[in-house]
Amino acid sequence: MAVASLPHGDALAHDDGPDQLYVETRELRLQGFLLFLVSDVVLFASFIFAYLYLRNTGQSWPPAGISRLDVAFASVNSMVLFGSGCTMHYALENWKHNNFTKYAVFMVATIVLGVMFLGGQGYEYTTLMLKDHVTWSGSGIFGASFFTLTGMHGFHVAVGVIYLTTLLLQSLHGKYTKDKYFGLTAGTLYWHFVDVIWVVLFSIFYLI
Amino acid sequence: MHIDWVLVERTVAAVGSVIVFVVAAVALKNDWKTPGIENQVFKVMLGLLAIGGVIAFLAGIDVLGRFAGAA
Amino acid sequence: MAAVETVHAGGIADHVHPEPQGFVRKYIFSIDHKIIGIQYMITGFVFLVLAGLLAEVIRVQLMHANGGFVSADTYNEVYSIHGSAMVWLVVIPLATGAFGNFVFPLQIGARDVAFPWLNMISFWLFPPAGLLLFGSFLLGAPAAGWTEYPPMSLQGAPGTSMWCAAIFLVGISSTMTGLNFLVTLLKMRAPGMTFTRMPLFCWAQFATAPMSMIATTALAAALAALFMERQFGVPFFDPTKGGSPILWQHMFWFYSHPAVYIMILPVFGIISEIFPTFARKPIFGYKMIAFSSVSIALLSFMVWAHHMFTSGMAPALQLPFMVLTMLIAIPTGIKIFSWVATLWEGKIRYTTAMLFAIGFIATFTFGGITGVFLSAVPFDLHAHGTYFIVAHLHYVLVGGSLMGILAGVYYWYPKMTGRLMNDKLGHWTFWLFFIGFNGTFLPMHMLGLLGMPRRVATYDPQFQHWNQIESIFSFVMTFALLLFFANMLWSIRHGKKAGSNPWGARTLEWQIPSPPHYYNFKHIPTVFSTPYDFAEPLPYAGLEDELNDTPGPMPAAVH
Numbered sequence: 001m002a003v004a005s006l007p008h009g010d011a012l013a014h015d016d017g018p019d020q021l022y023v024e025t026r027e028l029r030l031q032g033f034l035l036f037l038v039s040d041v042v043l044f045a046s047f048i049f050a051y052l053y054l055r056n057t058g059q060s061w062p063p064a065g066i067s068r069l070d071v072a073f074a075s076v077n078s079m080v081l082f083g084s085g086c087t088m089h090y091a092l093e094n095w096k097h098n099n100f101t102k103y104a105v106f107m108v109a110t111i112v113l114g115v116m117f118l119g120g121q122g123y124e125y126t127t128l129m130l131k132d133h134v135t136w137s138g139s140g141i142f143g144a145s146f147f148t149l150t151g152m153h154g155f156h157v158a159v160g161v162i163y164l165t166t167l168l169l170q171s172l173h174g175k176y177t178k179d180k181y182f183g184l185t186a187g188t189l190y191w192h193f194v195d196v197i198w199v200v201l202f203s204i205f206y207l208i
Numbered sequence: 001m002h003i004d005w006v007l008v009e010r011t012v013a014a015v016g017s018v019i020v021f022v023v024a025a026v027a028l029k030n031d032w033k034t035p036g037i038e039n040q041v042f043k044v045m046l047g048l049l050a051i052g053g054v055i056a057f058l059a060g061i062d063v064l065g066r067f068a069g070a071a
Numbered sequence: 001m002a003a004v005e006t007v008h009a010g011g012i013a014d015h016v017h018p019e020p021q022g023f024v025r026k027y028i029f030s031i032d033h034k035i036i037g038i039q040y041m042i043t044g045f046v047f048l049v050l051a052g053l054l055a056e057v058i059r060v061q062l063m064h065a066n067g068g069f070v071s072a073d074t075y076n077e078v079y080s081i082h083g084s085a086m087v088w089l090v091v092i093p094l095a096t097g098a099f100g101n102f103v104f105p106l107q108i109g110a111r112d113v114a115f116p117w118l119n120m121i122s123f124w125l126f127p128p129a130g131l132l133l134f135g136s137f138l139l140g141a142p143a144a145g146w147t148e149y150p151p152m153s154l155q156g157a158p159g160t161s162m163w164c165a166a167i168f169l170v171g172i173s174s175t176m177t178g179l180n181f182l183v184t185l186l187k188m189r190a191p192g193m194t195f196t197r198m199p200l201f202c203w204a205q206f207a208t209a210p211m212s213m214i215a216t217t218a219l220a221a222a223l224a225a226l227f228m229e230r231q232f233g234v235p236f237f238d239p240t241k242g243g244s245p246i247l248w249q250h251m252f253w254f255y256s257h258p259a260v261y262i263m264i265l266p267v268f269g270i271i272s273e274i275f276p277t278f279a280r281k282p283i284f285g286y287k288m289i290a291f292s293s294v295s296i297a298l299l300s301f302m303v304w305a306h307h308m309f310t311s312g313m314a315p316a317l318q319l320p321f322m323v324l325t326m327l328i329a330i331p332t333g334i335k336i337f338s339w340v341a342t343l344w345e346g347k348i349r350y351t352t353a354m355l356f357a358i359g360f361i362a363t364f365t366f367g368g369i370t371g372v373f374l375s376a377v378p379f380d381l382h383a384h385g386t387y388f389i390v391a392h393l394h395y396v397l398v399g400g401s402l403m404g405i406l407a408g409v410y411y412w413y414p415k416m417t418g419r420l421m422n423d424k425l426g427h428w429t430f431w432l433f434f435i436g437f438n439g440t441f442l443p444m445h446m447l448g449l450l451g452m453p454r455r456v457a458t459y460d461p462q463f464q465h466w467n468q469i470e471s472i473f474s475f476v477m478t479f480a481l482l483l484f485f486a487n488m489l490w491s492i493r494h495g496k497k498a499g500s501n502p503w504g505a506r507t508l509e510w511q512i513p514s515p516p517h518y519y520n521f522k523h524i525p526t527v528f529s530t531p532y533d534f535a536e537p538l539p540y541a542g543l544e545d546e547l548n549d550t551p552g553p554m555p556a557a558v559h
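Protein chains in written order, with the numbering used here: chain F, 1 to 208; chain Z, 1 to 71; chain X, 1 to 559.
The shape of chain F in the complex, shown without the other chains (with noise of 0.2 Å):
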């Protein structure tokens, strides 16, 4: 038969059998929520670039009267981020294996985590804030871009942890099945996306 051979556009020809709805409706949120993170990609590296524009603008960095930040305390806090994210690996990888048990203990490992973080952030940002009065608005372009672009990822962090919290509750009630867990896929996509920024602003910020 003609159509057979026919040049397909993508996706939509192929006959997968019965669930070749969810297989298709699965691709385009795979795509759509992979672009949504390419744009918020762009809004931290917009950020970023402005950061180390006015970092460039000649002066002494970091600026007279503000001592450098603790990176001792931050790599620690780096770290148990960086430690959430290969628990999430895990907690997806078991769920693919079909190990519920493992897989709820790697998520709940990884919001834990995550909020071991946030707890970081905060009492740096309490130390920062009354021992070293550095403030967001009153510290020059040095609390103007170290509180936003942190803040901003500290925000990604807590929503992250609100929504790997949503996927755990779901799962134990029963709402992905072994072939059907897209949302377990985009909530690792979008913990690891949260990672991988650190990555970045804790090089700038802290070690360069």
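Bear in mind the hints are in silico, worked out from the structure with no lab data behind them. Values in this document were obtained by computation on a predicted structure and should not be read as measured data. Glycine included, C-beta positions come from ideal geometry on N, C-alpha and C. One or more hints might be untrue.
As the list claims (entries may be wrong) - Label pairs and their calculated CB-CB ranges:
#1 Lys43/Z / Thr127/F: 31 to 39 Å
#2 Met129/F / Met63/X: 41 to 49 Å
#3 Ile42/X / Thr127/F: 52 to 60 Å
Dock chains Z and X against chain F, hints included.
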């Protein structure tokens, strides 16, 4: 008794980062041949996570983060 | 061909939502891309009227060298809102939201966009944004032009923060629309609709969508920073606190230069549909037109700093930005040559849509050429901040984008409403608009070169003569637009019945009834070739039942 908190922090960071690096690298190796667009993204993310582990380790042992007006 | 249906049984292509019931779900909070497209169009035209009135305030003020119609402060607010509204509330929503939504899902043979709910949300962010923008007059509107450069925008009236919020909202809407369109174009094409068989309007949207997605997010960051600085005193742009006003210019133009192409690329697509239809000839250089859209989109991200030649940038950076900017003239020139070659020896029918499209070529080419002038650093240093810039940008935005949009309305109106717009009135509209437009903006080139600065409420009396002529012609242009709106409104009830394909066009949207059913196609068609070969039979299969009384597809069970 006096505890040097900075030393504790640095030790925890260094040890933890090594674990992160190893876990991420092993996960990356295991996943190396998985197909599909989301898995390609996961691989990039795991790679960056491993790099993050290296960076946090170097920061923990005070190799990185000593530049510019270090206090 | 029964096999055509079995090819994709059960997939998204065959997935039909239940027919929306009730006025609210059908026409207000609709998830149907066609309704959303029309909603964008109506809202965009309402804002066009408002922003056009502001333009007339400007022209009346400039009738006399000493002004006198409004105060200088009000004048600043008026041109700032005029520019912002025309860019973000009129041209971008009309070019992407209105035509994109209505036309391209039909052209690729889809039942809807990939994320219909997201589409509805994108639209409903847009009217509130417009209200915020025009509402800023109540608090004291922004007065630093549509570009809102700090430090002036930092000192501006409270309405400047409303401006930030308004543009931020349209930005989110535009980002979501871009994402939606991109996924739709990548994944929802009918069987056989490969990329090189897509109609050129789809190619134009395909090049635009990533720009609306990526560049607009960068603008959102800039707006958020400006908003934070104004409301919470967080220093980004204030040089007295270590910030940099130039940073705003970088962030703003990194968005706003691609935005220029967000405004023109979809219109290129409209023109590429109209020319082959009314010249009865295959489009010349299909692939060249398609790929030049994409290369314009790519180049547009690398040229933003040509807006900043006078802002004190390093001379070493000026040359690359100048050369890259000039490079854009190549893909644009390829398009213009291809369009002219399409008309060459064609059997041209001078419908109103065709007249507007031909007028578009003339004015857009003119505006494009002055653009190449301005990309040259030495010339730009001379012309920057003068009426030459105003003339250039209106030639590409009004003579380019808006005329293309009007052409598109005349072309697709029968598909939207089932009736034709009055052609005789349309001819009058075109000629009045074309003459009024050129009379308004052509003398501005000269005034600019003579040194008349833009954004001033009063000016040197030596320029008064030409300014009065411009104002008179601008009334002609406004009158033409009023005729256009009258034609649109009158034709909804009294226009000639259009039938499914009044123009004899060959793209998919013309093969189904006008207006289309909510499910678009009874059977998703299969595509065998590009739509432009007028000598060949239509390259589609599976459309036999579209125009008869066969019942439509059954909606999927609700789940």
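Check your understanding: Do the Cβ positions of Lys43/Z and Thr127/F conform to the proposed distance bound of 31 to 39 Å?
Key -> Since the Cβ atoms of Lys43/Z and Thr127/F sit about 37 Å apart, the hinted range of 31 to 39 Å holds.
Range hint 52 to 60 Å: satisfied by the CB atoms of Ile42/X and Thr127/F? 55 Å, holds
Exercise for the section: With respect to the beta-carbon atoms only, verify the hint that Met129/F and Met63/X lie 41 to 49 Å apart. Expected result: Since Met129/F and Met63/X have Cβ atoms about 57 Å apart, the given range 41 to 49 Å is violated.
Hint compliance for this structure: hint 2 is the single one not met.
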